[in-house]
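Below are the chains, spelled out letter by letter.
There are 2 protein chains.
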Amino acid sequence: MRRVRLIVAYDGTNYCGWQIQPNGITIEEVLNREISRLTGENIHIIGASRTDSGVHALGNVAVFDTASSIPPERMAYALNQRMPKDIVIVRSDETLPDWHPRYQDKITKTYEYHIYNAPAPNPLKRNYSAFVSFPMDTEKMRKGAEYLVGEHDFVSFCNIRTNVSDTVRTVHSITIIQNGPDIVLRITGNGFLYHMVRIIAGTLIRVGRGFYAPEKVKEILEEKKRTAAGVTAPAAGLVLVGIDY
Amino acid sequence: MRRVRLIVAYDGTNYCGWQIQPNGITIEEVLNREISRLTGENIHIIGASRTDSGVHALGNVAVFDTASSIPPERMAYALNQRMPKDIVIVRSDETLPDWHPRYQDKITKTYEYHIYNAPAPNPLKRNYSAFVSFPMDTEKMRKGAEYLVGEHDFVSFCNIRTNVSDTVRTVHSITIIQNGPDIVLRITGNGFLYHMVRIIAGTLIRVGRGFYAPEKVKEILEEKKRTAAGVTAPAAGLVLVGIDY
Chain A
795 MRRVRLIVAY
805 DGTNYCGWQI
815 QPNGITIEEV
825 LNREISRLTG
835 ENIHIIGASR
845 TDSGVHALGN
855 VAVFDTASSI
865 PPERMAYALN
875 QRMPKDIVIV
885 RSDETLPDWH
895 PRYQDKITKT
905 YEYHIYNAPA
915 PNPLKRNYSA
925 FVSFPMDTEK
935 MRKGAEYLVG
945 EHDFVSFCNI
955 RTNVSDTVRT
965 VHSITIIQNG
975 PDIVLRITGN
985 GFLYHMVRII
995 AGTLIRVGRG
1005 FYAPEKVKEI
1015 LEEKKRTAAG
1025 VTAPAAGLVL
1035 VGIDY
Chain B
795 MRRVRLIVAY
805 DGTNYCGWQI
815 QPNGITIEEV
825 LNREISRLTG
835 ENIHIIGASR
845 TDSGVHALGN
855 VAVFDTASSI
865 PPERMAYALN
875 QRMPKDIVIV
885 RSDETLPDWH
895 PRYQDKITKT
905 YEYHIYNAPA
915 PNPLKRNYSA
925 FVSFPMDTEK
935 MRKGAEYLVG
945 EHDFVSFCNI
955 RTNVSDTVRT
965 VHSITIIQNG
975 PDIVLRITGN
985 GFLYHMVRII
995 AGTLIRVGRG
1005 FYAPEKVKEI
1015 LEEKKRTAAG
1025 VTAPAAGLVL
1035 VGIDY
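Protein chains in written order, with this note's numbering: chain A, 795 to 1039; chain B, 795 to 1039.
These aren't lab readings, by the way, just hints derived from the structure by calculation. Zero decoy hints are in this set.
It does not matter which identical chain is meant; a pair holds if it fits inside one copy or across any two.
EDC-like mimics (lysine to aspartate or glutamate), calculated; alpha carbons at most 20 Å apart, straight line:
hint, residue 1, residue 2
1, Lys-1018, Glu-940
2, Lys-919, Asp-976
3, Lys-919, Asp-880
4, Lys-1012, Glu-945
5, Lys-937, Glu-906
6, Lys-879, Glu-823
7, Lys-879, Asp-976
8, Lys-1010, Glu-945
9, Lys-1019, Asp-960
10, Lys-1010, Glu-933
11, Lys-919, Glu-906
12, Lys-937, Asp-976
13, Lys-1019, Glu-945
14, Lys-934, Asp-976
When you get a sec, could you build the whole thing from the sequences and use the hints?
In structure tokens:
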């Protein structure tokens, strides 16, 4: 038996998120099914990040154990022949038998949140961005974002339906890139609470519109309750870009 | 009666192109249906560009005549309430009663052809780009593209199932923009033959891969037959960006 690691990209539009659930098709389910068919084993993958329904990934990570004779590096190619077009194995390799994609001393996750900011929506971006028709001031968004960088209790930016008790996380950086009507928030940290990136995006969108002053972000952090922050921005704008170990 | 002009954006993935046809749903058909329902008239729009199945637009142009009391500028908003999410009216205004979107003294069309160039495909771009896994040399592509700029007989870059007799067109510019794995060919001209942009893209992809020398583009132009050029690149990569009059 050896442990194979996969870097997985997917368009989350037509999936009920990563994790297997009774009421709809998920990424995990499709991966288990196709890997099992390929190797002839009964495979249950372990994923790094349980993305929500409609959320995308360019570099989620998963592992599984197999006795298959297919070389681990060739697994990506072999699986991509069978996978639906909206799930792609970007890379595969062998890892240590006890390597776990969620429990590691050092993990850095990078997410992007995409906003399309124009008078009318762009149909090509409807599944990959949040549409905002109000003019946005990205300089104000950058000022607001600065308060979030560093180690903080992010309980105000966490959906109340969470089962974690420790809500302290470290955000390494938030970069805001504007290219015409496209605004991208790129956020890197050691871990993110349930809906944290989408609540940060929803809050910074309010800052960009002038509905909140940039300093309001600091107050929200200090208030330490979810109702203090802005709304949760739509799932479609969120992409898990990658995970570094 | 007055003539209303629409700027139309659409994701062509799920449509059999612009023009009404018996075997599938088209952009023109949806526009006729929704404008007719809105105004209570029997509307037949006139479009500027009959894009193919799977081809996208950010700025196609169409006109229709109506006695509706809805102000022409408000038509976009009113129609977007009814339109499927993959078709958006970007703008609407009133134009002269005899203004025709195809027959004008001066027309400049801009297309973009999108290539995703990486070892593995990107599922988020599968409907909006051609995937090329071989390394590409964009400097060579730029050299090859230079031969196409200017007034030429583009018969080598025209699908043989065409009904035009004059195959001379003027390409004003071809710009090749690379941003990591994303390569965009932006091409502007006074008009384009059937499949012309996709055959140019297919030919320049061969140049980028090193399969054709840049000078081969000149030879193809001079040979004046379709079989001389590269394959037609996939529809998904093509976007009609806009039309200037």
